[in-house]
Amino acid sequence: MTTISETIDDPDLLEKLGLDGSTALTAYTFTKGDKSITIYSDLSADEVDFNFV
Numbered sequence: 065m066t067t068i069s070e071t072i073d074d075p076d077l078l079e080k081l082g083l084d085g086s087t088a089l090t091a092y093t094f095t096k097g098d099k100s101i102t103i104y105s106d107l108s109a110d111e112v113d114f115n116f117v
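Residue numbers (our numbering): 65 to 117.
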């Protein structure tokens, strides 16, 4: 898992997430083989428990 704190300047993405741009987000990127998924969260890593099979 790669964790990156980033600022998102994409107004369409912020609108889809229901955010106004003032919330700090963390992007969690999970990769398996040649596939990856990125999950954006306003929670810190110690508040999140990811379980994947």
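There could be a bad hint or two in this list.
Pairwise CB distance ranges (calculated) [stated by the list, open to error]:
id	residue 1	residue 2	range
1	102	75	14 to 22 Å
2	100	80	24 to 32 Å
3	75	96	24 to 32 Å
4	105	76	26 to 34 Å
5	75	97	28 to 36 Å
6	105	75	28 to 36 Å
7	97	73	16 to 24 Å
8	73	93	13 to 21 Å
9	100	76	18 to 26 Å
10	74	100	29 to 37 Å
11	101	76	14 to 22 Å
Everything labelled a hint here was simulated from the structure, so no lab data went into it. For each residue, glycine too, the CB sits at the ideal point set by N, CA and C.
| field | C-beta pair residue 100, residue 76: status relative to the range 18 to 26 Å that was hinted | value | holds, 21 Å
| request: Note whether the CB distance of residue 73 and residue 93 lies within 13 to 21 Å or breaks it. | output: holds, 18 Å
| Regarding residue 102 and residue 75, is the given constraint of 14 to 22 Å on their beta-carbon distance met? | For residue 102 and residue 75 the Cβ distance comes to about 18 Å; the hint holds.
| query | Is the distance from the Cβ of residue 105 to the Cβ of residue 76 consistent with 26 to 34 Å? | reply | For residue 105 and residue 76 the Cβ distance comes to about 18 Å; the hint is violated.
| Does the Cβ pair residue 100, residue 80 satisfy 24 to 32 Å? | violated, 19 Å
| For the pair residue 105 and residue 75, does the Cβ-Cβ distance stay inside 28 to 36 Å? | Violated, since residue 105 and residue 75 (Cβ atoms, about 19 Å apart) do not stay within the stated range.
| So does residue 74 sit 29 to 37 Å from residue 100, Cβ to Cβ? | Once the Cβ atoms are compared, 18 Å apart, the range 29 to 37 Å for residue 100 and residue 74 is violated.
| said: Given the hint of 28 to 36 Å, is the C-beta distance from residue 75 to residue 97 inside that range or not? | reply: Since residue 75 and residue 97 have Cβ atoms about 33 Å apart, the given range 28 to 36 Å holds.
| Whether the CB-CB distance between residue 75 and residue 96 falls inside 24 to 32 Å | holds, 31 Å
| Do the beta carbons of residue 101 and residue 76 sit within 14 to 22 Å of each other? | holds, 19 Å
| If you check the beta carbons of residue 97 and residue 73, does the distance land in 16 to 24 Å? | With Cβ atoms ~30 Å apart, the hint is violated.
The structure shown violates the earlier hints numbered 2, 4, 6, 7 and 10.
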